[in-house]
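Protein chains in written order, with our numbering: chain A, -3 to 594; chain B, -5 to 178; chain C, -19 to 257.
Hints were generated in silico from the structure; no laboratory data involved.
Do not take every clue at face value.
Unchecked claim - In silico SDA-like links for lysine to any residue, alpha-carbon gap of 20 Å or less:
hint	chain 1	residue 1	chain 2	residue 2
1	B	156	B	108
2	A	469	A	353
3	A	411	A	479
4	A	469	A	452
5	A	473	A	350
6	A	469	A	530
7	C	-10	A	439
8	C	-1	B	38
9	C	-10	B	63
10	C	-1	B	31
11	A	184	A	33
12	C	-1	A	453
13	B	76	C	25
14	A	179	C	257
15	C	-12	B	69
16	C	114	A	448
17	B	76	C	173
18	C	-12	B	60
19	C	-1	A	456
20	C	-1	B	44
21	C	-12	B	74
22	C	-10	B	14
23	C	114	B	173
24	C	-1	B	46
25	C	-1	A	451
26	C	-1	A	455
27	A	411	A	439
28	B	156	B	104
29	C	-10	B	60
30	C	-1	B	50
31	C	-10	B	74
32	A	179	C	253
33	C	-10	B	31
34	C	-1	A	419
35	C	-1	B	35
Note that the coordinates shown come from a computational prediction; the quantities given were computed from them, not determined experimentally.
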Amino acid sequence: MGRHEEKASFDAAGAAAVGERPRDSVCIAILGSGGAGALTTGGLLLEAAARRGLYGMMTRSVGPQIRGGEAAAFVRLATRPVACMADRFDAVIAIDWRRADRFADELALDAESLLIGDPGKPGDAAAAPVPESLARSGARVVDIAFADLAAAVPGGRENMVALGLAAGLVGIAAEELDGLIAKRLGAKGTAAVEASRAGCAQGLAAAAVLPVRFPLPRPEAEPGPRWRITGNQAAGLGAVQGGVRFAAAYPITPATEVLEWLAPALRRLGGTLVQAEDELASINMIIGASFGGVPALTATSGPGLALMVESLGLAVASEVPIVVVDVMRGGPSTGIPTKSEQSDLNIAVMGCHGDAPHVVVAPLSVGDCRLTTQWAVHLAETLQTVAVVLSDQFLGQSQAVIAPPEPEDFGTRRKVLPRTVEGYRRYELVGDSISPMALPGITGGQYTADGLTHGENALPSSRASDHRAQLDKRAAKLVQADYGAHWAEIEGEGDIAILCWGSLAGAAREAAERLAEAGAPVRLVALRLLAPLRTEALVEALGHRRVLVVEQSHSGQFLNYLRGSGALTGETRSLRRPGPLPIRPGEIAAAVQEWRRS
Amino acid sequence: MTDDRKDAAALAAGIETVPELLAHALRIEEDAEERYLALADQMETHHNAAIARLFRWFAGHEAEHAREIRERMAGMALPEIKPWDFHWGDAESPESVDFTAVRYTMDTRAALGLALEAEARALAFFQRIVEVARDPEMRRWAEEFAAEEAEHVRLVRAEIAKLPPDDGQAVERAEDPDPPNEPL
Amino acid sequence: MNEHPAPKRKASDYKSEVKPVWCPGCGDYHVLLSLTRMLAASGTPPEQVAVISGIGCSSRIPAYTNCYGFHGVHGRSLALAAGLKVARPDLTVLVMSGDGDGFSIGGNHFLHACRRNIDITYVVMDNQVYGMTKGQPSPTTDPEWDSALAPGGTGIRPFQPLVIALASGANFVARAFSGQPNETARIIHEAVMHPGFSFVQVMSPCVTFRPEQAAWKDAVHPAPVEATDDPARAARRIMTDDGFNIGVLYRGDRPVFDPHSGAEPVPLSALERSFAL
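Given the sequences, and given the hints that come with them, work out the whole structure.
Take a look at the structure:
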């Protein structure tokens, strides 16, 4: 069984061979060192494109500094919705080149790419040439004196010149930028608006003389309503859509925005958010709130999840519904807090001590963070268990311009004890293994929820028969549940299946589309439900195909999990790489084609 | 007695009316019954069946006393008194065996000894009221209760007298053959 | 907690059928009695009360009551209770803990629960030893106390929970002794009625591992002065007393934590609008 090792540099030729379509999609990196405004520029570019009717997304890469560090905005603009970055960058726009080399690993460039930047004047403190790490790609270097162009305008800023240049590069007109600037900067006063417009005009003029441009056509049909949203915001929206009205929060990169979105949202919805002293507290706070009958959620990242694991087991054992959104980052330990990796699969699925079956789901795109989180709330509430949502930094912190993601009416309703009962047994072994839950206030429903092994009457027991019966019950309720069609997205036909999960669905789908257009189609299976694994359905979805398992993990956590489950019955290859470098669609397509050739 | 119930009898002087006295008398018996039941449960949980039976027997007696008091005061409205407003000070009602005085290895002599202390405290409580009561009716009630408690003291003493002579080995028998932290 | 006029309830109405596993002679039996007597006196219906605990001998208490209970993981009871009380402000929430659960593994939550000042009552049954794991030193154990885990004693200074509570912002601080169950009931009742986070340290002897604590009942005495509303004064008194002052030591008036906006909830569509281009 072969394995594709990580490639040191991107094989652009391989990607081109399978049909890269550069002109319905343009990928631009905007770089700058401290305070240059690269991220603001990227966001404005994305919004300007959206106003033109385009789609797109923006990811970010920043240094460890809180303020003033080097920053890069990676913007992909397209005439159709996109869910991943492209294989390569058409252009890098550097407001200055001073710390640009630290992004070299993340900037896939080739001879067709442009390196546009301000080298500065010799002797100038800000002066720096194009770093060798980027120049050796063979990309064409274009010097644009952003500083001089900005200085020529009263109150002019270099990043506005860069915005104008980027707009010109993709064919956005001056008047389209003007409207955006008026909207975004109007509050700063007429002078600021005028200065920004003038700066943009400088950039637009500079773009006109570039050796090559990548204009994107307006969509032929008028696009419908679109949102600009991040995955972390979408997860928050899905949470409240599912009924969450309590959240506990401990800040952690890159999950904090889920909580910061929820804080005012919950207040407006009549719910509450409490900032906890640590993740040990936040997980227990949501268990307490949910015990009281209020659907509850917290969001964290790997280190926080590690602290929560003991109490995940408590919620499983005491059958208290809770949802934990884990926005994954590079690990182990502190790892790379600001960058993405799919390496919390093991802890999310298997982290608990004891046998503690629970639900693990993963959103498949930025917009899907909404549905998947809502679904997680639904599953937790109806199955009275823990649901972990495995988002990641790529989904969570990317801004995407997308059609509004639709919620679904799951009819979420916790099975709660009706008022006033006698002889209540909290953990009664009932047909669907989901026993009615008494909520405080219900007369006769009093019980003590317990992490100790208990009998049907909720009282502690160390008897083998009680232990077995309750383990069986908690396993059975997850098995009997109806997960509907959301467990995976299954598309296409072909001799090879690409099998992935979570955020990699975007790149895998684009690879599958390119292969289909090239007449070499594949089946795509992207798992949204990771636990309990729908093994039989997965075996059926994969059929007798060869399976390429794609994941962003060093050890192949997904592959090993699938192997252990018995879902992989035939010939299998692994395409994997740790974070933070994304696996791009061209690599996946190339891996499929190489397997076919070999 | 080493606990601060030594002040209980003095505090009894704060009881000023017959209904108050009856509320105290009833609570003494109810508390004593409840305590003996709890101690019997403890002994059962810890597999000391003989002492569990003994405590349960005492509980039955206290229940009977409580029933008698209730019958005799039929129709009389008793005041509602919060647990901490009874006139036995900060500790407990006098006839309740101290929870912390029992051990799971205790023998009949030790258990009867605790019961005797409890009855004697109740006796002292009512005797003190007899001494200080100004209302003749209240004094008459207190005398009656004191006489009953004196009879209980006599009965428990008689039970103790029936035991084989104290061989001085009780402490050794009380040693725990299953200590909680058996050294390896 | 609201006073509930009717129907009349007895302490036994707040006890479950479950027989405690505590050793005969344990002070915790008294604490259970205090708790049920206190609840009966308040009249709060058992189903409106939640008793939350962690792990340890003391933390077994919820199942011995007829209230709603949560016997959670070690050290996290205050956090669980905070979530419950914020989500369900209508409930009376009591947290019952021990010195190991509350001051060692749960120490951080103790500080922040005091700071946060949610309207809950925290009762720590302090016997200065880990009983359930069979006799190890806890944060409140004397430094000289000899044990298998710390031969010759830990040599480290005991934790001062009452002073820590004052420094951290607890709104009500009291010390009680389990052997005085009616006084303990009174103190816990006042703690429950006092707004905000109330902390009651109940000295509760361990008959098995600390038999010498039987002497506590002769050592305790009522605090010689009235409770103060000055935390600095209260702290000074506690730091200079003999450790056996019983009673309410501090009553504060800090605002109670309440994250509810009180405004009419908006529909979800109002939140969605912010994403539309």
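Here's how the hints hold up against the structure:
no., hint, result
1, B/156 - B/108, "holds (16 Å)"
2, A/469 - A/353, "holds (10 Å)"
3, A/411 - A/479, "holds (17 Å)"
4, A/469 - A/452, "holds (10 Å)"
5, A/473 - A/350, "holds (17 Å)"
6, A/469 - A/530, "holds (18 Å)"
7, C/-10 - A/439, "holds (17 Å)"
8, C/-1 - B/38, "holds (9 Å)"
9, C/-10 - B/63, "holds (18 Å)"
10, C/-1 - B/31, "holds (11 Å)"
11, A/184 - A/33, "holds (16 Å)"
12, C/-1 - A/453, "holds (14 Å)"
13, B/76 - C/25, "holds (17 Å)"
14, A/179 - C/257, "holds (12 Å)"
15, C/-12 - B/69, "holds (18 Å)"
16, C/114 - A/448, "holds (19 Å)"
17, B/76 - C/173, "holds (15 Å)"
18, C/-12 - B/60, "holds (19 Å)"
19, C/-1 - A/456, "holds (11 Å)"
20, C/-1 - B/44, "holds (18 Å)"
21, C/-12 - B/74, "holds (10 Å)"
22, C/-10 - B/14, "holds (18 Å)"
23, C/114 - B/173, "holds (10 Å)"
24, C/-1 - B/46, "holds (13 Å)"
25, C/-1 - A/451, "holds (15 Å)"
26, C/-1 - A/455, "holds (11 Å)"
27, A/411 - A/439, "holds (17 Å)"
28, B/156 - B/104, "holds (14 Å)"
29, C/-10 - B/60, "holds (15 Å)"
30, C/-1 - B/50, "holds (15 Å)"
31, C/-10 - B/74, "holds (12 Å)"
32, A/179 - C/253, "holds (16 Å)"
33, C/-10 - B/31, "holds (16 Å)"
34, C/-1 - A/419, "holds (18 Å)"
35, C/-1 - B/35, "holds (7 Å)"
The structure fails none of the hints (numbered hints given earlier).
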